[in-house]
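Chain B: place on chain A using the hints.
Going line by line, the protein sequences match chains A and B. Take the first sequence: its position 118, counting from 1, is numbered 1349 in my numbering, and each next residue is one higher. Take the second sequence: its position 52, counting from 1, is numbered 1367 in my numbering, and each next residue is one higher.
These are calculated hints, taken from the structure and not from any lab test. Model, not experiment: these values are computed from the prediction. Misleading hints may appear alongside valid ones.
Not the full set, but computed from the structure, chain B residues with beta-carbon under 7 angstroms of chain A [to be verified]:
| hint | residue |
| --- | --- |
| 1 | Q1419 |
| 2 | S1574 |
| 3 | A1603 |
| 4 | T1604 |
| 5 | L1731 |
| 6 | S1732 |
| 7 | A1733 |
| 8 | Y1740 |
Quick reminder that beta carbons are idealized off the backbone N, C-alpha and C, glycines included.
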Amino acid sequence: MEEDAGKLMHSGNGSYVDLNRAGVPLLEIVSEPDMRTGIEASEYAAELQRVVRYLGVSNGNMQEGSLRCDVNVSVRPIGQAEFGTKVEIKNLNSFSAINRAIDFEISRQVNLHSQGQQDSIVQETRLWEEGAQKTVTMRKKEGLADYRYFPEPDLPEVVLTKAYMDSVGKSLPELPEAKRRRYEEMGLSMQDVLFLANDIAVADFFDATIQKGADVKLAANWIMGDIAAYLKNEKLSINDIKLVPHELAELIASIKSGTISGKIGKEILFELLAKGGTVKGLIEEKDLVQITDLVDIEKMVDKVIAENPKQLEQYRSGKTKLQGYFAGQVMKASKGKANPGILNKVLVEKLNAKV
Amino acid sequence: MLSTLHSPRSLSRFPLHLTSSVKPRAASASSASSLSDYPPPPLPAAQSPGGAPASQILTVRRSLLSGSVTATQLAESYLSRLRLTEPQLNSFIHVSDSVLKSAQEIDDKIAKGGGEALGPLAGVMVGVKDNICTADMPSTGGSRILENYRPPFDATAVKRLKEKGGIVVGKTNLDEFGMGSTTEGSGFQVTANPWDLGRVPGGSSGGSASAVSARQCVVSLGSDTGGSVRQPASFCGVVGLKPTYGRVSRFGLMAYASSLDVIGCLGTSVADVGIFLNAISGHDKFDATSSKQSLFTSINLLESKPLSGLKVGLIRETLDDGVDSGVKSAINAAVLHMQELGCIVNEVSLPSFSLGLPAYYILASSESSSNLSRYDGVRYGKQTVSDELNALYANSRASGFGPEVKMRILMGTYALSAGYYDAYYKRAQQVRTLIRESFKTALETNDILISPAAPSVAYKMGMLVVSYYS
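Pulled out of the complex, with its shape left as it was, chain A reads as follows (with noise of 0.2 angstroms):
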């Protein structure tokens, strides 16, 4: 663990020295050398970013240096067991900055290797210019720093138990990769897996809702279609919308069980998401329950036939696809509640009826 120290901010009329994160704890995490190319480091970096997320002990944005990432990168021939010499990569911003750094680096190193230039890798501190797209070397080269460290008198002791230890394990969230596996086992597919893990909000909205019973394919079909537009248009974060898990289990089985239909569920979804509110009363204030009823369904498509004779001699006459328009018009008389399935092969039947 580290103190954050403060920060120097140069203007044109000088420079400030900023104090206000001075002091901040810092967690200083060091990887062991065993990543091979940028992909996997930057995937390496968003993990532990998911984790930090994950655990609620920071928002881990490298854009607000909340996450801060320098690597370190060596080439050695194939076959040679002793590391070459590594060379540090600083000014990293974002995870594909951390990408294309690596990777960058790794061929500029090859590449000397190739010329037979090997030793003008020196090991130093380079910056990343994500303008240029490529590495420099930074313009001082300081000698190894004598720090003079002995341990900090001011801070005794600090003696975790095992109890307290295992106390902390106990409370910790589930984490990505186990979250993950879980998923799998469910039977979503890899896509919807790395999408609902991505953020723990997301997830524990998806947990909550299966929870209460609903199908995890559609539930993960709602969140990741019509669910995440909606966040995405208004720039909210799933926390932030009015809809609650246990009212979009509620809609998925009113649409199973057939109440509504699937459309007027999505409708619903819009006005949930926006203003909350119960799926049970809405359907009821705004009389949406599905017209299942094959009677009901007959005597609304008999009406519109009877209403419109001549698109029903131009379907007689071979333009079957004026079906649609009836379907159209018995949906538009029914406010959208009559069942779509019952209602097409109602209309199929009787426009195809022997007068």
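Only chain B this time, still in chain A's reference frame:
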């Protein structure tokens, strides 16, 4: 070595206070070589049974509550004595200008009938060593680099003594940043020993010791890293207590060596020092090293208990060659006295004792090299304007620090540098552990261990001259 000793004074055989009919006499600066001509401020004499020295703190309290003296009168008498004696002593770097105001507030409270609710230190004049931060007075640490510096906060010990009714009468002189044992290392002035104005009061809390000894205040705060409360107390003939590390919060004490520093109490009686310690100690969330264990749970400070059966260990190595013969006789006389009172006194040997000093110098210098790096001329204190940052640091520190401080910072920097940490700092920490273990073992078979506080009486001024430039 020194051979002149004052005739032995055993404080337990003399009453500390004269009666109120005696008034302080005018100073005759040229002829006085000691301050025994100046009686302490008038207070009704009070003694506890057995002839032990009275607690001035309790006497003040009784007098205030009974109305025989007001806090303002008391404050005025201490202040006039202070003014009278300061030209010879120079105990204080700064004297407060709000003493009478604070005293008046206490009198107002008593007048309104709130006497019983007064804090245990109400009306008590307190001197505070100048390396302990006080918000309403300059705090220099005895160094030019902090000349005129006013901290934005009170040290916890100061805050607590004020909450309990104590009045800070001023900031006392010290060796710069606590580094020294004579107070001649102050960046401002030299303090004299009230018993002999040609001698040092000891250090580094020399001003605190002389102020109490000369009755310029009732009690004072000092700091002790390697003896800086105990040795000046001994040189000035007052009681000095170095509490266990962690007993008193270090928040607001200018750090010298953080693993060794403590704030300690000086007074004219053990009872006063005990009451004062009780008032300032206790856990403080601003000092992570302050102890959560409570002090004085069931002990009545002034309860008189027989000493018979107490096992006392006299540390043999503290009476070796190099210790003044007069000191040895005084200790031996004390041993006899203790035996008369029923103690069982034995000699104990702590062979590692002599390793304490070299280990201390390495550890304290190393920690000080880190602690004093904050005096960079940027954040606080004096700045020597320069064109460039490194020059600013170098020039401010070169002109602000005294030679002893510079020497210790350099030594500490060297001892911690790459390649030397193991040989010096780590080694010294290991020696520290050995010494601690040997004390623990000795305390398994003895209730207390005793030794002289210093191997001699106070040195003549200018006697300990360190050559910094050879």
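Hint by hint, where does the structure go against what was stated? Just the numbers, ascending.
Going through the list in order, the structure violates hint 1 alone and respects the others.
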